[in-house]
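Can you make the complete structure from the sequences, with help from the hints?
4 protein chains.
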Amino acid sequence: MCAIVGVFGAKKASTVAYYSLFSMQHRGQEATGISVANGEKIRLYKKRGMVADVFSQTTLDSMEGTCAVGHNRYSTAGSESQGDAQPVFAKYKLGEISVVHNGNLVNKNEVREELIAKGAIFQTDMDTENIIHLIAKSQKDALVDRIKDMLTKIEGAYCLAIQSRSKMFVIRDRYGIRPLSLGKLSDGGWIVASETCAFDLVGAEFVRDVNPGEMLTFEEGKEPVSEQVFEPDYHPCAFEYIYFARPDSIIDGKNVYQTRLQMGRKLAEETPAEVDLVLPVPDSGVAAARGYAEGLGVPFEMGIVRNHYVGRTFIEPTQEIRDLKVKLKLSPIKHLIKGKRVAIIDDSLVRGTTSKQIVRMLKEAGAKEVHMRIAAPEIKYPCRYGIDTPTKSELISANFTVEQIAQKIGADSLGFLSIEGLIDALGSERTYSLVSFDGNYFAGGNAQSPGCTTV
Amino acid sequence: MCAIVGVFGAKKASTVAYYSLFSMQHRGQEATGISVANGEKIRLYKKRGMVADVFSQTTLDSMEGTCAVGHNRYSTAGSESQGDAQPVFAKYKLGEISVVHNGNLVNKNEVREELIAKGAIFQTDMDTENIIHLIAKSQKDALVDRIKDMLTKIEGAYCLAIQSRSKMFVIRDRYGIRPLSLGKLSDGGWIVASETCAFDLVGAEFVRDVNPGEMLTFEEGKEPVSEQVFEPDYHPCAFEYIYFARPDSIIDGKNVYQTRLQMGRKLAEETPAEVDLVLPVPDSGVAAARGYAEGLGVPFEMGIVRNHYVGRTFIEPTQEIRDLKVKLKLSPIKHLIKGKRVAIIDDSLVRGTTSKQIVRMLKEAGAKEVHMRIAAPEIKYPCRYGIDTPTKSELISANFTVEQIAQKIGADSLGFLSIEGLIDALGSERTYSLVSFDGNYFAGGNAQSPGCTTV
Amino acid sequence: MCAIVGVFGAKKASTVAYYSLFSMQHRGQEATGISVANGEKIRLYKKRGMVADVFSQTTLDSMEGTCAVGHNRYSTAGSESQGDAQPVFAKYKLGEISVVHNGNLVNKNEVREELIAKGAIFQTDMDTENIIHLIAKSQKDALVDRIKDMLTKIEGAYCLAIQSRSKMFVIRDRYGIRPLSLGKLSDGGWIVASETCAFDLVGAEFVRDVNPGEMLTFEEGKEPVSEQVFEPDYHPCAFEYIYFARPDSIIDGKNVYQTRLQMGRKLAEETPAEVDLVLPVPDSGVAAARGYAEGLGVPFEMGIVRNHYVGRTFIEPTQEIRDLKVKLKLSPIKHLIKGKRVAIIDDSLVRGTTSKQIVRMLKEAGAKEVHMRIAAPEIKYPCRYGIDTPTKSELISANFTVEQIAQKIGADSLGFLSIEGLIDALGSERTYSLVSFDGNYFAGGNAQSPGCTTV
Amino acid sequence: MCAIVGVFGAKKASTVAYYSLFSMQHRGQEATGISVANGEKIRLYKKRGMVADVFSQTTLDSMEGTCAVGHNRYSTAGSESQGDAQPVFAKYKLGEISVVHNGNLVNKNEVREELIAKGAIFQTDMDTENIIHLIAKSQKDALVDRIKDMLTKIEGAYCLAIQSRSKMFVIRDRYGIRPLSLGKLSDGGWIVASETCAFDLVGAEFVRDVNPGEMLTFEEGKEPVSEQVFEPDYHPCAFEYIYFARPDSIIDGKNVYQTRLQMGRKLAEETPAEVDLVLPVPDSGVAAARGYAEGLGVPFEMGIVRNHYVGRTFIEPTQEIRDLKVKLKLSPIKHLIKGKRVAIIDDSLVRGTTSKQIVRMLKEAGAKEVHMRIAAPEIKYPCRYGIDTPTKSELISANFTVEQIAQKIGADSLGFLSIEGLIDALGSERTYSLVSFDGNYFAGGNAQSPGCTTV
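Chains as they are written, first to last, in full-length UniProt numbering: chain Z, 1 to 455; chain C, 1 to 455; chain Y, 1 to 455; chain X, 1 to 455.
Read the hints as simulated data drawn from the structure, not as lab findings.
Each hint should be verified, as a subset may be incorrect.
When chains are identical, the list treats them as one kind, so a pair holds in a single copy or across two.
[To be verified] Computed list of lysine to aspartate or glutamate pairs in EDC-like fashion (alpha-carbon distance at most 20 Å, straight line):
(1) Lys148 - Glu369
(2) Lys140 - Asp438
(3) Lys338 - Glu205
(4) Lys334 - Asp252
(5) Lys184 - Asp125
(6) Lys91 - Asp125
All figures in this text were calculated on a predicted structure; none of them were measured in a lab.
If you want it as structure tokens, here you go:
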């Protein structure tokens with residue numbers, strides 16, 4: 001996942017970036033950072049932790065300037081290092097530069113090896129460092145030409161905001177895999193953000209999505225300049241609708257909540273269940289469960305309570321406390337469930353561990369039957385474009401049939417949305433990226449490539 | 001609000017208390033504390049902050065013992081002091097004692113004045129200090145008799161857990177205003193807690209509610225001894241069902257979620273609205289909105305997203321960011337709402353400030369009409385038994401008619417559940433405390449008393 | 001040890017108290033606290049840690065008022081508790097009160113038992129709590145009379161500053177065991193402090209010592225009122241000169257550095273050594289070593305460097321790092337010491353552990369002979385008046401002869417100042433408290449009493 | 001200043017590096033860091049703050065490996081950035097590399113411009129980054145050859161420890177400006193450190209100084225290999241003796257304390273004073289004051305007490321508190337000074353601000369006459385090799401005569417050690433770097449160069 005934001009022409013760009021990142025906290029909680037340019041200098045602050053913990057008023061006040069780029073980093077297995085936060089900043093021939101990146105470059109390793117052979121040094125494993133090196137090493141004079149030069153050398157999924165001391169450049173890859181939207185601030189400035197929910201919080205108006213293959217250039221005193229640097233080959237990632245994005249966001253023209261509702265309705269058509277009650281796994285399963293209940297004509301209830309004070313507790317439980325990780329987060333309403341046949345709707349099923357615990361929890365709460373329904377197809381392939389899926393051997397659907405999985409998780413039945421059902425729910429306007437379901441790698445590299453790590 | 005827990009006969013009483021308090025975090029986030037007795041000594045740790053932040057593994061490991069009492073403190077206006085956390089501990093004639101208290105003593109000031117006249121000293125304004133002084137100053141020999149002595153001198157709402165170095169005493173006032181339940185730990189120990197959701201997390205089995213006027217005495221190697229120290233005059237607080245308790249808890253025999261559903265259904269009967277959509281104010285309005293939608297036969301949608309990463313942000317917004325406090329927490333799904341007539345269901349309406357912002361938010365999201373419905377009666381009186389309501393002058397329903405309030409908050413219509421409707425939804429088994437609605441002060445003191453502060 | 005300060009009639013009493021405590025940090029590093037009265041209210045802030053770490057500008061700014069009392073707590077074995085910081089504050093019949101105390105009450109336990117029998121409760125083991133209880137329980141009307149009442153009930157060593165919302169009372173016990181001086185602030189206010197070095201930092205002028213048995217009452221718009229509440233029986237503690245006080249302080253009319261010089265000279269008379277070089281154990285042995293070298297007519301060198309960045313390091317050393325605790329603090333200058341016969345002067349010898357390591361360090365640095373001289377008599381008795389000496393069994397001089405100790409610590413010779421020599425160096429104006437050396441307990445209780453704990 | 005350490009072949013290299021840096025804390029308190037290599041990977045931890053605060057047991061335990069390099073950073077004006085801590089780490093063609101550097105490269109800007117022109121990117125302003133880039137961009141195959149290649153391109157003062165995943169390289173510039181010594185750990189490993197005091201703490205034996213122009217290569221299972229990569233042109237910095245180094249260290253064969261003693265004796269010859277007492281400005285002036293007193297045959301006293309609890313206090317003083325910064329640190333013993341003619345000995349005089357406050361302090365303490373003597377020549381030139389001197393306009397001796405300065409600081413007389421006197425005290429074995437005194441820039445660049453910043 002990850003989230004990026006770019007702000008240009010705002011009086012307090014750092015504050016606008018802060019609240020934007022705050023509203024996109026769900027896309028990454030590991031680290032966050034903002035850099036601000038004031039025409040003369042770029043100032044950067046980044047750290048492990050959540051937005052509200054990392055930034056203080058003092059820090060933001062010290063970051064004066066009208067242009068800001070910011071980033072929320074999603075927690076991935078390999079990234080223990082303190083250094084793996086963005087923006088990535090450097091001094092180079094043309095002065096100072098700061099870059100934020102959401103996505104995954106599939107030719108990252110080849111590019112890095114080439115750079116290293118020429119004497120480049122790297123501080124981290126982030127592919128964002130590749131991008132800065134490619135810009136710094138370009139033979140072109142102007143930054144805009146160096147950026148274009150760089151773009152010819154990277155492949156994969158990327159949304160970029162690149163900041164010099166006085167300009168900002170925003171690029172979305174030709175496939176439009178990760179979302180990126182343009183908004184207008186009420187005081188006349190501009191904002192780009194991974195999700196439109198950022199616009200709602202900071203009082204910006206949604207203008208349009210950034211097009212696949214488009215580069216936007218922001219310069220003081222001018223309107224943003226749009227240039228189509230690549231032929232679009234639109235493949236927005238279906239997972240944004242299934243799981244990543246906030247329900248109130250509009251991704252490539254479609255509202256997330258409504259799309260999930262539609263997936264739930266389709267799921268009811270494809271794999272109905274004879275139940276008394278439909279329950280969501282909160283919060284991400286709510287909309288699909290609503291659609292599923294509507295499709296079946298069966299009552300929907302918020303029969304599982306989500307504890308929102310979770311934070312991180314590292315206290316070792318006593319022996320008597322079972323399934324702690326799920327129980328800390330989810331708690332069933334026994335009176336509602338007791339003696340009922342229930343359908344439980346989740347957004348996806350990856351390893352099956354949590355599902356097993358949820359089924360057990362519902363049975364212990366007295367459910368007569370538990371029918372699990374997943375508002376997405378079976379995940380059979382690792383993704384290369386920025387979704388943190390495990391390797392194939394860990395993907396339960398890559399290794400077992402639906403019936404086998406149902407048995408493993410203890411459900412009385414299990415059903416997935418079909419790929420066709422998903423496509424139907426998403427609508428026919430676009431060709432979506434469905435690699436996790438169909439293994440069809442379309443953007444650079446080849447399908448045998450071992451998988452992906454997320455930036 | 002506040003939450004208390006008492007654990008007796010558990011191998012790691014501190015850990016059981018920790019997870020119990022964790023599951024009752026919604027009842028108080030200002031401060032928390034646990035004290036543990038091991039037969040020889042009581043160890044106490046308490047601090048401002050939330051459970052998961054206050055306690056570390058090291059701290060809990062240092063608190064050995066099989067008996068623990070713990071407390072979550074609700075944030076109230078007057079309690080800036082560091083000292084206002086519980087348990088309250090003291091050394092006195094019989095050794096060491098530690099007390100946790102949920103409720104509000106209506107004769108607190110009279111008792112304190114009397115104690116002070118006799119030379120007592122106080123560190124805080126908490127009425128829990130009164131309780132310890134009364135025990136220490138009792139002329140009786142045994143602790144159990146001193147406690148009974150103390151109970152004759154306090155009036156109001158209280159649930160108490162009192163710990164000596166080897167025993168635990170649990171008392172619920174004769175009215176049963178605040179909830180308190182008894183559970184059995186799977187390793188043979190006992191637990192009492194303000195809400196049953198604590199039992200579910202720590203793997204305890206619900207045994208029964210502690211009776212109004214009952215004292216339970218826990219001693220090693222013996223079954224808990226029950227004694228009815230007062231004639232019961234059962235008046236559980238209706239607000240537990242309306243707002244305080246977690247939906248999965250069972251308070252005095254009734255599940256909270258189901259009771260809220262029923263309030264919503266009743267609300268639909270009493271004050272229907274011609275709408276296309278019913279939305280809850282998440283999370284506390286969800287169950288009532290479900291009932292309301294069901295009653296009307298109109299679709300229910302989670303049309304307002306709640307941001308759960310809120311924490312506390314103290315960053316001053318830019319001028320462009322309006323209604324920040326509500327927007328940080330709530331965000332409407334515009335696509336769903338646009339052009340629709342919506343009913344928005346909240347659990348209560350106190351000052352009207354938030355309601356006004358929610359109505360404006362929905363109108364800005366494109367709602368054609370906004371009909372606000374409150375799943376509780378009008379709050380016209382301050383409470384004296386532990387609910388942190390403002391003074392009468394701040395209670396909007398104490399000063400304006402329903403129509404005037406509708407206009408003030410900008411709603412196309414406004415409706416409340418009637419007192420009768422609430423009673424009907426709660427059922428006829430009990431007489432509930434409805435002081436905030438009917439001003440009927442039944443437990444000590446007199447109705448002219450100026451109000452209450454919460455412990 | 002411990003330090004107290006009282007400030008009256010200063011514009012920013014909290015800041016004056018802060019800097020006073022800062023300058024007396026050497027008297028106690030475990031905890032610190034200040035309370036400030038502004039005529040209407042007392043505000044208290046106290047915490048574990050050193051003065052500069054505990055107080056922030058924000059904290060001090062929030063403590064408005066012209067009267068402040070403050071305390072530095074010395075680290076003692078038993079005081080793990082967070083609560084053991086001063087001032088001790090309470091609300092009682094006459095309003096609010098705050099007390100700081102330096103010293104040790106020898107009848108603490110008897111008083112406490114009596115109070116407890118009457119129903120008093122205690123939060124800590126500090127005898128300062130006794131004092132507040134005695135004041136609160138007095139039958140007298142005026143605070144001043146209650147204080148006098150309290151004074152008739154406590155025995156031992158005490159310097160007290162007691163603050164109400166508008167007055168301050170300062171008392172020194174009849175023996176004058178612990179030091180206390182009165183100064184005048186340049187803006188007209190008053191200050192009392194354990195050491196005069198506090199006056200130098202805050203720009204106050206030394207007026208005089210507080211007399212043994214004297215009570216000073218400070219009230220707005222009036223000069224301080226002095227009252228002799230006890231017949232003086234002056235016994236200032238010799239340890240203030242030997243070890244506790246800062247060399248620039250003037251304690252009961254004598255400058256500490258000069259007194260130490262004199263002890264060194266006397267030591268040279270009594271127990272000379274044939275050496276090439278005299279070295280102090282820095283910093284407390286410096287003045288005596290200077291006197292000793294002068295007495296012998298042998299060069300004095302700062303041949304052991306003290307590392308002042310010590311702080312607390314808790315890193316487990318490798319096996320190769322021997323005597324880490326001493327080496328972290330002290331480091332010999334080998335070139336200076338190699339092949340020389342050296343006398344090493346320390347201020348006292350308690351357990352002998354450190355001395356042994358110092359002797360070994362000097363021998364490893366190449367010293368041909370190491371002659372240890374102690375500028376104080378042998379410590380043979382535990383103190384009851386506030387010096388944190390260990391029990392008799394741990395006092396090496398209570399259990400071994402000088403020759404045996406010399407052998408144990410590996411010194412070529414060992415010498416102590418005689419009691420007569422110490423008296424001679426201190427001068428004949430006063431009778432000093434020498435209990436640690438002669439076991440002569442003069443102030444309350446009896447000599448068989450098992451020892452003391454420090455406040 | 002700054003300090004570096006390199007450890008090779010130690011079981012717990014991180015702990016050895018930790019204690020070494022701890023003992024060299026006086027050379028830099030702004031930031032610290034250690035990187036450890038275990039043959040496969042380099043792990044780095046660095047942060048603003050002092051050694052004991054930055055590293056925890058957990059951090060050190062996570063840094064397994066037998067080779068460590070570490071650094072203490074001295075606070076300099078320009079280095080606000082979080083990034084300006086060392087070691088500097090990078091991944092490059094041959095794997096991973098980590099570098100620590102003490103000194104100052106005089107051709108830093110030229111080198112950086114050339115690197116940037118070729119497309120290099122920089123994160124900081126530290127010249128250590130130049131060094132890594134030069135290594136990474138070298139066309140040579142082996143790391144040792146790349147390092148030699150790099151050495152041909154840098155000019156100025158440097159002591160370097162360079163770590164790959166399995167080797168360590170240590171280099172001292174041809175002038176030997178900054179100190180660097182080699183020691184042997186008792187378990188068979190090796191250590192290099194800026195000062196020998198590090199060896200004493202970790203139990204290492206001093207072997208010899210690293211030679212000017214020498215490179216030492218450490219490889220597992222082999223003895224260190226020495227190679228003379230440059231013709232030596234020995235110019236150790238006189239300031240190490242005057243001010244920087246700890247008195248117990250041995251720098252290029254001379255003990256610091258003894259050298260300072262000698263400077264004091266020389267100072268007495270050159271600029272005697274008719275005084276009753278000689279006082280040092282503690283701690284750095286102690287040895288010279290001892291020598292001065294000995295030279296004059298006048299008593300030496302530690303007449304100014306240094307407060308070692310200083311830390312950083314940021315509390316705004318009241319108006320009455322004058323000269324706070326000096327008074328927080330230094331306090332005169334009035335009884336000793338009153339009515340006396342005193343000589344006060346300091347190690348150097350840069351801007352004159354502190355000297356003025358010290359003279360005033362002594363006069364206020366009652367000194368009849370105050371004669372200031374400086375155990376170093378007048379500082380007339382900024383240094384380019386790593387001493388953080390201010391620009392020429394701020395150097396009081398570059399702008400005023402000795403008499404004018406005496407008047408400005410209020411001293412009755414002022415005297416400096418002559419350059420010849422300093423050379424005499426240092427001895428004739430070496431030609432010392434005296435640029436601050438004589439302006440003779442010998443190592444690269446030219447004398448007109450505007451000055452230096454410290455690394």
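To see whether the hints hold, each was checked on the structure:
no., hint, result
1, Lys148 - Glu369, "neither (58 Å within a copy, 50 Å between copies)"
2, Lys140 - Asp438, "neither (41 Å within a copy, 48 Å between copies)"
3, Lys338 - Glu205, "between (47 Å within a copy, 16 Å between copies)"
4, Lys334 - Asp252, "between (40 Å within a copy, 15 Å between copies)"
5, Lys184 - Asp125, "neither (34 Å within a copy, 37 Å between copies)"
6, Lys91 - Asp125, "both (19 Å within a copy, 9 Å between copies)"
When held up to the earlier numbered hints, the structure conflicts with 1, 2 and 5 and fits the remainder.
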